[in-house]
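Q: Residue strings, one per chain:
There are 2 protein chains.
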Amino acid sequence: MLNFDFHNPTQIVFGKNRIADIGKLVPADAKVLILVGGASAEKTGTLGEVREALGARPNSTFNGIEPNPSFETVMKAVEQVREGDFNFLLAVGGGSVIDAAKFIAAAVPFEGDPWTILLKRGSNIKSALPFGTVLTLPATGSEMNNGSVITRRDIGAKLPFRSRHVFPLFSVLDPTKTYTLPTQQIANGVVDAFVHTVEQYLTYPVNAPVQDRFAESLLQTLVEVGPRLLSATEPDYDDRASLMWTATLALNGLIGAGVPQDWATHMIGHELTALHNIDHARTLAIVLPSMLNERRVQKHHKLLQYGERVWGIQSGTDDERITAAIDKTRDFFERMGIPTRLSAYGLAADAIDVVIRQLEEHGMTKLSERGDVTPEVSRRVLEAAL
Amino acid sequence: MLNFDFHNPTQIVFGKNRIADIGKLVPADAKVLILVGGASAEKTGTLGEVREALGARPNSTFNGIEPNPSFETVMKAVEQVREGDFNFLLAVGGGSVIDAAKFIAAAVPFEGDPWTILLKRGSNIKSALPFGTVLTLPATGSEMNNGSVITRRDIGAKLPFRSRHVFPLFSVLDPTKTYTLPTQQIANGVVDAFVHTVEQYLTYPVNAPVQDRFAESLLQTLVEVGPRLLSATEPDYDDRASLMWTATLALNGLIGAGVPQDWATHMIGHELTALHNIDHARTLAIVLPSMLNERRVQKHHKLLQYGERVWGIQSGTDDERITAAIDKTRDFFERMGIPTRLSAYGLAADAIDVVIRQLEEHGMTKLSERGDVTPEVSRRVLEAAL
Chain A
2 MLNFDFHNPT
12 QIVFGKNRIA
22 DIGKLVPADA
32 KVLILVGGAS
42 AEKTGTLGEV
52 REALGARPNS
62 TFNGIEPNPS
72 FETVMKAVEQ
82 VREGDFNFLL
92 AVGGGSVIDA
102 AKFIAAAVPF
112 EGDPWTILLK
122 RGSNIKSALP
132 FGTVLTLPAT
142 GSEMNNGSVI
152 TRRDIGAKLP
162 FRSRHVFPLF
172 SVLDPTKTYT
182 LPTQQIANGV
192 VDAFVHTVEQ
202 YLTYPVNAPV
212 QDRFAESLLQ
222 TLVEVGPRLL
232 SATEPDYDDR
242 ASLMWTATLA
252 LNGLIGAGVP
262 QDWATHMIGH
272 ELTALHNIDH
282 ARTLAIVLPS
292 MLNERRVQKH
302 HKLLQYGERV
312 WGIQSGTDDE
322 RITAAIDKTR
332 DFFERMGIPT
342 RLSAYGLAAD
352 AIDVVIRQLE
362 EHGMTKLSER
372 GDVTPEVSRR
382 VLEAAL
Chain B
2 MLNFDFHNPT
12 QIVFGKNRIA
22 DIGKLVPADA
32 KVLILVGGAS
42 AEKTGTLGEV
52 REALGARPNS
62 TFNGIEPNPS
72 FETVMKAVEQ
82 VREGDFNFLL
92 AVGGGSVIDA
102 AKFIAAAVPF
112 EGDPWTILLK
122 RGSNIKSALP
132 FGTVLTLPAT
142 GSEMNNGSVI
152 TRRDIGAKLP
162 FRSRHVFPLF
172 SVLDPTKTYT
182 LPTQQIANGV
192 VDAFVHTVEQ
202 YLTYPVNAPV
212 QDRFAESLLQ
222 TLVEVGPRLL
232 SATEPDYDDR
242 ASLMWTATLA
252 LNGLIGAGVP
262 QDWATHMIGH
272 ELTALHNIDH
282 ARTLAIVLPS
292 MLNERRVQKH
302 HKLLQYGERV
312 WGIQSGTDDE
322 RITAAIDKTR
332 DFFERMGIPT
342 RLSAYGLAAD
352 AIDVVIRQLE
362 EHGMTKLSER
372 GDVTPEVSRR
382 VLEAAL
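Read top to bottom, the protein sequences are chains A and B. With the numbering used here applied, the first sequence covers 2 to 387. With the numbering used here applied, the second sequence covers 2 to 387.
Treat the hints as calculated values from the structure; they're not laboratory data. Nothing false has been slipped in among the hints.
Each pair may be met inside one copy or between any two copies, as identical chains are not told apart.
Computed list of lysine-lysine pairs in DSBU-like fashion (alpha-carbon distance at most 30 Å, straight line): (1) K25 <-> K121; (2) K32 <-> K77; (3) K17 <-> K367; (4) K32 <-> K127; (5) K127 <-> K25; (6) K44 <-> K77; (7) K25 <-> K44; (8) K17 <-> K44; (9) K121 <-> K367; (10) K32 <-> K44; (11) K329 <-> K367; (12) K121 <-> K77; (13) K32 <-> K17; (14) K77 <-> K127.
Please read all numbers here as calculations on a predicted model, not as lab measurements.
In isolation and in its complexed conformation, chain A is listed as follows:
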């Protein structure tokens, strides 16, 4: 097991009818800017519940945080916070709104150009406004971690940052708030949580049996509830709750503590989103199966363990079992209604050059748990994903 630090102070408030708890969680003297994406938080009534819970606290709403929130949009919100003297943020939405809240929270008190927060990956953040979240879309885990990704549309770049100052103070996770989500977003959430887990698990063994089993627990649960979530005619509360809690646990620092981490699939995926606006989870579904196949030697031991424990694959040569595990993975994504080939998104071989150039541009030239995913390897992965 590797040495590690684990610290996650976010308070989770989980279950039915928990939005009213915001009344106790937000400081009494807070002036609150509520951050939302589009119109749905208002339409579903969630925003009304939130405002009711805030009671007499003065509050206003910033609407229009887009998927893969842009630097341009979050800077508008920063301006509104400064002008309105807001001292508390409340993100109501999915990972994009929460990621935006983290940047805004750090940028408001930041001395200097907030753009440098992204250039320095958050290492220059010294303080942040406190903020809470109301999660409506289980997927990214942003509700219980200190990471965020902001996009610069003008240069086609998704830039991650993290800081101990941007953990949410609290996150309200009410599974019933996911009932109105389109099927595609539920499927994206399942795949996103799945790949987050894989990135922290499918590396090389370091004798960390608890971390391995926790990761497998999340994967097994996603395999179990994912197809049910898609085929259900009425939302099932427990399955929604399992997806929500699983997605949170997949990226709150727990399963990655003390083990190597990969993230090559994510870095390549980010470029596909930035260039072609493909949903984050879908880019992961495109890259991961090819990546696992490309690195089947380096990931040999863990791929066998994954095949056996997650997919029940017990017979065949090592090579056959690894192939079967990768096939099962691809098949799972496809069963979730998510195509795993670039061609399904209208992309052909000529798109690959640009992705590779962007990876080089962003310094993503030694990816993976071994640093051995060079641009040349990334190219082979994408070619195999055509």
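Since the structure of chain A is provided, determine the placement of chain B on it from the hints.
A: The following block gives chain B in isolation, referenced to the frame of chain A:
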């Protein structure tokens, strides 16, 4: 899945050579009272490392916190803190020293008689001194939770309390610090963590597949590493690390979030320790197998799942599989060198009356996840454990 709150702000600093990190974790202006049990922390050099890490911070040591720390002892420490104006506590030891630190931290600023902290189970705690821990004995999980148990020897009672104010600020978990432990204490740690997990898992199903699998992950890991830890001629770092992290995760609030909890075995065990000074883990090993057998109907579904997933029991009638699962549990404790019968500790049928009276005295008359473990049921459990 049940509604839940999860909040655990303790920072975990895990691995080899991490004690030096205390220098960054303790405030620079701290005046530190170090709390230890006996002479071993000094003898092994751990205390020396701790003092070196504290650097120029003034510090002193309170020695003599006994296993199952007594109200009398912790009150002496409270006096020393008040007289010496210490503003930070550092617990160096196992669960007993850490439990003591929690009480001392809460009692020092407490207005009124600190004894009422125990009478009110901590609900009257309004603040506490900050404190950190250096764990040397993996078992209780106290290093990453806000619970504590203090014993009143004069009335033969172990009294638990909890408060959001008594989470450790940080806990240093260095597996090499367990190398000097006697085998019996390692075995106790394995059994303690095992039963902590079982109390939050072997209840009734609420469709919480992640929590179930996380609990099974911990149990499987203890079954895997436990016997190896006992038979190893040299300490194996990774197995020690797995035990340490597993014991922490078994009682940090994670696996119990959103599921029913039992704790009847613990409450009966506490009385056995208070009356007969039997190690905490050993009392659990005595009570649990009988308890599971007594409540095999109420726990039917989860006992079958436990048998299959933790022990690989797949054939036989339901009743046979449940019996096999309970037998495997008892056998595991015995293989860890821990007898599971009252008679092995010199206790006979005449000891049971007193235990039952104490349970009644302490209001422990409706135990378990269903509140159906009455004194009559507890009596049958103990009779079956003779």
